[in-house]
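**Q** Let's have the full structure, built from the sequences with the hints guiding it.
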Amino acid sequence: MSQDIYVLIEHLRGQVAELSYTMLAAGRELAQGAGGNVVAVLLGHNAKELGKDFAADKVLYLDHALLADFTSDAYQKALADLIGKDQPRAVLFGNSSIGADVASVLSMRLDLPLVSSCRSFTQDGKFVSQICGGKIMAEGELPGPTALVTMVPGGYQPDQGRSAAAPSITEAPVPALEALRVALSKYIEPETGDVDISKEPLLIAVGRGIQNKDNIELAENLAQAIGGVVCGSRPVIDQGWLATSRLVGKSGKHVKPKIYFAMGISGAPEHAEAIMQSDTIIAINTDPKAPIFDVAKYGVEGDIFDLVEVLTEKVQQAK
Amino acid sequence: MNIIVLAKLVPDLVEELTIDPGGAALDLTFARWIINEFDDHAIEQGILLKERGGGTVTVLVPDLDGADDVLFTAAAKGADRLIKLGGDFNGVNNHALARAFAAVVKELQADLILTGVQAHDDLDGSAGPLLAECLQMPYVGYVSGVSINDGKSLLRKEYPGGLLAEMEVTTPAVLGIQAAEQPPRYVAVSKVRQAMKTSSIEEQDASSLDPCGGPTVGRMFQPEAAAHATMIAGSPDEVADKLVDLFKELGVL
Ligand SMILES: Cc1cc2nc3c(=O)[nH]c(=O)nc-3n(C[C@H](O)[C@H](O)[C@H](O)COP(=O)(O)OP(=O)(O)OC[C@H]3O[C@@H](n4cnc5c(N)ncnc54)[C@H](O)[C@@H]3O)c2cc1C
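Note that the protein sequences, when read in sequence, are chains A and B. Using this note's numbering, you'd call the opening residue of the first sequence number 14 and step up by one each time. Using this note's numbering, you'd call the opening residue of the second sequence number -16 and step up by one each time.
Among these hints, one or two may not hold up.
Stretch-level coverage of chain A by chain B, calculated; a stretch enters the list once three of its residues show a Cβ under 8 Å from a Cβ in chain B [what the hints assert, rightly or not]:
id	segment
1	116 to 130
2	194 to 207
3	250 to 259
Residues from chain A that keep clear of chain B, each with C-beta distances beyond 10 Å, as calculated [said to hold, decoys possible]:
id	residue
4	G48
5	G49
6	H58
7	N59
8	A68
9	D70
10	I96
11	P158
12	S176
13	A179
14	L190
Because the hints were derived from the structure by calculation, they are not lab data. Quick caveat: nothing in here was measured; it's all calculated off a predicted structure. Every residue, glycine too, gets a C-beta built ideally from N, C-alpha and C.
**A** Here it is, written out as structure tokens:
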């Protein structure tokens, strides 16, 4: 039993996820209150050097050929062993493709409480989670003895999780990784589209509010008039209305245009996290309480279909 | 092949959400329950697998308002067996739900269990991986493509930025579906009505609802944004003029 805060580092093909640095910053906040250390937990193979810029008091490094790439089964085994032995005060995971595959399973396996979608901790160590598409926050005491927590971005600056001074790295034992039921076959590279939306200065973004594929043309017309490119939220891409290369968000691209013009997008956290670097976000939405208005600089409470054609015309005239 | 799909009902976010007088939970008195959208994708993926390789699709939902609708809609899409799990599921957490599901699923000899990768009201992890561990099955989430062959399932797992990993999982397994290989199909109301006549819902009672493992919420609130957009008001014509001025100001026109 310790008051340490463990942070599971996520990395893919030699690249540490931004979210892991956010979590190191969160871990620092929590450790200060609890009076423990921030311990970065790094699983990998020949990957020790990834730990050199972690703002952690210590790095626990677990090396095994079967940990070279993430698979849920191997990570669960290695972490169940480590957490069971060390019993830290909390273990932070990303609410991500890696962390979410592991945290829930460990909660059942080790009989430890789990809090998900945590965005920040209060000074007295309470969790604050973001649910219902960013519309509701839930706060509570961090359960014990060891709380497993999955974290979403937004509550801390990733730069605060980086440090120029390399932390001490200790190798930790890896249990037998036998009878694994999940194996990686290969990676499939992202589809490259005709344009790279992460580099475009003017984005016309459409969400589910655009209603159907035919209406995409309205956005295309506006984009053409103003000299921009059309992109969209996940439902729009999942419906096949736009190509995957046009997806903005957690599972797509992070963008940083001069103008991000969002039409019929609610601003769910998985979308919002990817547009925060935009210079100016302008949103149009029929719902005055849509979370997109909390990140937008300018907003229009209104219907896309009342506005977009008039706007396209006026933009054409203004040129 | 025996495919089980678990679907959860969640409050519709289009409706106004309110906090109950106790201040620590959503007021669900007037909630409109809808299927968790990722579970809708899980149903679609289950039906696609059946269409490609045969077998049966069983859909399981907790008994909340709207459960029958979800089940009959699934039947209209091609699900074979519909099970409604009885119990007081209002405000129940995923640990309790997973344990209750596990008790039923154990008897069903599943080859593959599909469920949505997450739901917007999850506060204690998601139902899929919790269930997988209850059943001692492997779990992979963020899945957007599945095939099954010879005691193994080959799937595509999503990572940020559009990167995919192809993974092999021994079956039976639980998969958390992010997106089906094609958008959930549309079924006409008339087909759902038809399904109500031709298919039946089996009811099973949840043995117990044990929420142990989830956190206790002390306070629930609507976030106070650090900033709010400056709203541009007026008729569409006026708004368009103001936006054009804004575009000019920002130097793009
Ligand atoms: C693991 C995971 C990863 C995800 N990754 C991504 C991602 O990369 N990108 C992403 O976008 N999402 C992602 N999501 C999904 C995300 O949670 C939301 O479901 C999604 O962003 C919602 O998209 P939306 O805003 O278009 O739709 P909705 O949330 O349905 O919002 C539609 C909005 O349109 C408005 N509207 C409706 N009609 C009109 C009209 N006529 N005029 C104006 N406004 C109108 C409504 O008021 C509403 O606010 C992910 C989810 C998960 C679980």
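**Q** Next step is simple, just say for each hint if it's right about the structure.
**A** To see whether the hints hold, each was checked on the structure:
Coverage of the segment 116 to 130 of chain A by chain B holds [criterion: at least 3 residues with CB-CB distance below 8 Å; count 13]. Only residues whose C-beta sits within less than 8 Å of a C-beta in chain B count toward coverage, and the segment 194 to 207 of chain A has 11 of them, enough to reach three; the restraint holds. By the rule of at least three residues with a Cβ nearer than 8 Å to a Cβ of chain B, the coverage given for the segment 250 to 259 of chain A holds, with 5 such residues. Taking the minimum C-beta to C-beta distance to chain B, about 22 Å, the non-interface status of A:G48 holds against the 10 Å cut.
Every beta carbon of chain B lies more than 10 Å from that of A:G49, the smallest distance being close to 20 Å; the non-interface claim holds. Non-interface status of A:H58 relative to chain B is upheld: no Cβ of that chain comes within 10 Å, the nearest being about 16 Å off. Separation of A:N59 from chain B is adequate, the least Cβ-Cβ distance of about 19 Å exceeding the 10 Å criterion. Against the 10 Å criterion, A:A68 stays outside the reach of chain B, whose nearest CB is about 22 Å from its own CB.
The claim that A:D70 lies off the interface holds: its Cβ sits roughly 26 Å from the closest Cβ of chain B, which is beyond the 10 Å cut-off. At roughly 14 Å from the closest C-beta of chain B, the C-beta of A:I96 stays outside 10 Å, upholding its exclusion from the interface. No beta-carbon of chain B is positioned within 10 Å of the beta-carbon of A:P158; the least distance is around 13 Å. Non-interface status of A:S176 relative to chain B is upheld: no Cβ of that chain comes within 10 Å, the nearest being about 23 Å off.
The claim that A:A179 is not at the interface with chain B holds, since no C-beta of that chain comes within 10 Å of its own (minimum 26 Å). The Cβ of A:L190 lies farther than 10 Å from every Cβ of chain B, with a closest approach of about 14 Å, so its non-interface assignment holds.
Checked against the numbered hints above, the structure breaks none of them.
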